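There are 2 protein chains.
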Amino acid sequence: MEPELQDAIRRVHLIVGNARTEGYHVVVGTGSTILFQAALYALSSSSAVVAQPMKVVCAAPYYSQYKEQVELLQSRLYEWGGDANTYDDEDKTAPFIEVVTSPNNPDGSLREATVANKTENGGKLIHDLAYYWPNYTPITRPEDHDIMLFTLTKCTGHAGSRIGWALVKDVAVAQKMTSFMQITTIGVSKDSQLRAARILQVVADDCESKAGAFGYGGDDADRTFFGECRKVMAGRWEKLREAVKGNDVFGLPKYPKRYCNFSGRYFQPAPAFGWLECKEGYDASALMKANNVLTRGGDTFGASNRYTRISMIGREEEFDRFLERISGIHCVNEDEDKEGEEGLVVIHDNNGNARRGNGNFLHEVK
Amino acid sequence: MEPELQDAIRRVHLIVGNARTEGYHVVVGTGSTILFQAALYALSSSSAVVAQPMKVVCAAPYYSQYKEQVELLQSRLYEWGGDANTYDDEDKTAPFIEVVTSPNNPDGSLREATVANKTENGGKLIHDLAYYWPNYTPITRPEDHDIMLFTLTKCTGHAGSRIGWALVKDVAVAQKMTSFMQITTIGVSKDSQLRAARILQVVADDCESKAGAFGYGGDDADRTFFGECRKVMAGRWEKLREAVKGNDVFGLPKYPKRYCNFSGRYFQPAPAFGWLECKEGYDASALMKANNVLTRGGDTFGASNRYTRISMIGREEEFDRFLERISGIHCVNEDEDKEGEEGLVVIHDNNGNARRGNGNFLHEVK
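Here the protein sequences come in this chain order: A and B.
According to numbering that gives the first Met the number 0, the first sequence holds residues 0 to 365 in order.
According to numbering that gives the first Met the number 0, the second sequence holds residues 0 to 365 in order.
These aren't lab readings, by the way, just hints derived from the structure by calculation.
Nothing here was measured: the structure is a model prediction, and the numbers come from that model.
Take the hints with a grain of salt, since some may be wrong.
Stated by the list, open to error - Stretch by stretch, here's where chain A covers chain B in the computed footprint (C-beta under 8 Å, at least three residues):
| # | region |
| --- | --- |
| 1 | 65-78 |
| 2 | 154-161 |
What the hints assert, rightly or not - Label pairs and their in silico Cβ distance ranges:
| # | chain 1 | residue 1 | chain 2 | residue 2 | range |
| --- | --- | --- | --- | --- | --- |
| 3 | B | Ala50 | A | Ser178 | 24 to 34 Å |
| 4 | B | Arg222 | A | Glu78 | 50 to 60 Å |
| 5 | B | Glu227 | A | Asp218 | 57 to 67 Å |
| 6 | A | Asp204 | B | Val201 | 30 to 40 Å |
| 7 | A | Ser178 | B | Glu1 | 21 to 31 Å |
| 8 | A | Arg324 | B | Arg222 | 56 to 66 Å |
| 9 | B | Gln174 | A | Leu293 | 14 to 24 Å |
| 10 | B | Ala50 | A | Gln181 | 24 to 34 Å |
| 11 | B | Val201 | A | Gln181 | 44 to 54 Å |
| 12 | A | Asp87 | B | Pro141 | 50 to 60 Å |
| 13 | B | Ala158 | A | Ser178 | 14 to 24 Å |
Said to hold, decoys possible - The list that follows gives simulated cross-link-like pairs (lysine-lysine, BS3-like), each with its CA atoms no further than 30 Å apart:
| # | chain 1 | residue 1 | chain 2 | residue 2 |
| --- | --- | --- | --- | --- |
| 14 | B | Lys230 | A | Lys66 |
| 15 | A | Lys189 | B | Lys189 |
| 16 | B | Lys230 | A | Lys189 |
| 17 | B | Lys66 | B | Lys168 |
| 18 | A | Lys230 | B | Lys189 |
| 19 | B | Lys66 | A | Lys66 |
| 20 | A | Lys189 | B | Lys66 |
| 21 | A | Lys253 | A | Lys238 |
| 22 | A | Lys244 | A | Lys278 |
All C-beta atoms, glycine included, are put in the ideal place defined by N, C-alpha and C.
Please model the entire structure based on the sequences and the hints provided.
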């Protein structure tokens, strides 16, 4: 790992106050995705592990890619265990891994481990803190979990550089994760590491120049890179809530205001994704698709298809077009429907075209 | 994948004449290492595959990392089958994968598939052609295998950018490999892709400006990037052979001269690694280590410890120091040895310190 990048990562965490780095080892990866796999390997391949593959669980709704990554190579080391809420290990002693995503993807909620605290041996934890930055959510405390994953993608938006990092407490786990990176990709692009280091240095310099290190609050913090991002996100959420308010089909989660130590303000989270809920009986992503909006449906997140995930971090013109499209959607009980199926509803899109849905599909009425 | 990179890759192959690209799909990866794993996944996860993990074999001596990569996650899709020369599938119908590395790492030999041609269904092939560039070996024909792996690391030396590519004939295999890259790393650093594209464009421009496309031969080709690299490599091999000639411990493989279509000359291969053979009864890497040279011993390549792999592509000063150190090694039958063990030999290093070896270890006599 490039020393400049390690220094920049530690410096940004210290300034933002979202994670402890003292006493932690930093492991760099080609994005945080592969570091998740490195962590699975590190936690499941130790000699203390029994013959059974370790179950990997996550409370639903969970990031759809975890399951895909866990199952990809049909490993004998670990296997997907599904929703942590319903996970039940009879003897409460089998080793397992719980992934805790906080703020959560897709629904933006702040999460604590569920299963890990219920069983005797506690299980192993991987905390995916990709979205725990003041652009999205109030920073209430520096987190200090065993394995914490972060990514440049969500911190500054430079997804194309494929740079993620893990803060790891245990040196043996960090070494195993590094060894996984070594074997699978030999290393992480130096070009990207150096660029990421420079980006994070600029972000850190910006924070310090606006308010001086550790002296944030109010207007000063609002003018930092994170503060400006937060304003954009908050503005989009306001527009989205406005668009949804006017219709009788969709609902959105409500987030309580919290005090953000970095910003010196109380504010509501403005997550990177909207977790849109539909009226009972609707397939939310099919409904969106019928209105020319591509989203990821609830079932891919281990949840009901009444939900779908919409991106809040696309380009401005995309977001505006999206708002336009969903604003026109509303629901009408069509009494005069010829087929007369129970519970059938007609959705009118912006152009006055009527569509209908009955939970699993949508088709043109006319 | 960035279109500039794809174009540059196809252009360089066309100019060098080492691989066909027409009708091939290009899959980019974070180095060719992960593309090897992507190929394993693509070949072993198709629905036609039986319940048994597919064996992955490679003729010894083989690149030590293949085994490590195959075994890392204890996949149910594939497993390491060892040396292709001794691989014996009784019913000759079980699907398997043979990795063909040509020129071979560690010993620089030109390779053809072995097992794949012996059995009924032929098996699946992955060709690792990382070293098939005119800096190392005569380019005798454009290769046209099903899956061919290349890497910037060995082509131009830019290992730190972590850019590799696969040329893949079958579209379904290419799609599966891309999907593997998508799931494990989401994508490949754009920073690195754009830099690699520029590097390959410069290399291609250089070749064309020296001799005009497809008009190579003799002096013109010698002044290209590849020609200059070849001169460095050939010079190092000459020095190495000189250093080894004077001592009675080591031997090196001999390579026949071949006509290189790119260079318009006959020349001997000058591989990126030297595959050093020791006198019977010696542990080659232990012997080198005792003389302060770190090498990778034969056993890690599925071969005897009489062999060890030395790098020919380090920095100039490192290479010179290495030559200095091995030049001083010679072997003496020490009749007056007090312990009088049979076959014992004393190795004198540069400083006149005597060391001895008996096949598995070396220790100070005095």
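> Is it true that arginine 222 of chain B and glutamate 78 of chain A lie within 50 to 60 Å of each other by Cβ?
Replying inline: About 57 Å separates the Cβ atoms of arginine 222 of chain B and glutamate 78 of chain A, which means 50 to 60 Å holds.
>> Need the status of pair lysine 230 of chain B, lysine 189 of chain A: alpha-carbon distance at most 30 Å?
In response: 28 Å, holds
> At the C-beta level, are arginine 324 of chain A and arginine 222 of chain B separated by a distance inside 56 to 66 Å?
Replying inline: Because 60 Å falls inside the window, the suggested range holds.
> Are glutamine 174 of chain B and leucine 293 of chain A spaced within 14 to 24 Å by their CB atoms?
Replying inline: 20 Å, holds
> Can the restraint linking lysine 230 of chain B and lysine 66 of chain A be considered satisfied, given a maximum Cα separation of 30 Å?
Replying inline: 51 Å, violated
> Holds or violated: are the alpha carbons of lysine 230 of chain A and lysine 189 of chain B at most 30 Å from each other?
Replying inline: 28 Å, holds
> So does aspartate 204 of chain A sit 30 to 40 Å from valine 201 of chain B, Cβ to Cβ?
Replying inline: 33 Å, holds
> Is the gap between the beta carbons of valine 201 of chain B and glutamine 181 of chain A within 44 to 54 Å?
Replying inline: 30 Å, violated
>> Hinted pair, alpha-carbon criterion (30 Å max): lysine 66 of chain B, lysine 66 of chain A. Please report holds or violated.
In response: Measuring from Cα to Cα gives roughly 26 Å; hence the hint holds.
> With a cut-off of 8 Å between beta carbons, are at least three residues of the region 65-78 of chain B near chain A?
Replying inline: Per the Cβ count (8), the hint holds.
> Is the Cα-Cα distance between lysine 189 of chain A and lysine 189 of chain B 30 Å or less?
Replying inline: With a Cα-Cα distance of about 12 Å, the restraint between lysine 189 of chain A and lysine 189 of chain B holds, given a limit of 30 Å.
>> Verify the CB-CB distance for glutamate 227 of chain B and aspartate 218 of chain A against the hinted window 57 to 67 Å.
In response: 59 Å, holds
Of the hints listed earlier, those the structure fails to meet are numbers 11 and 14, in rising order.
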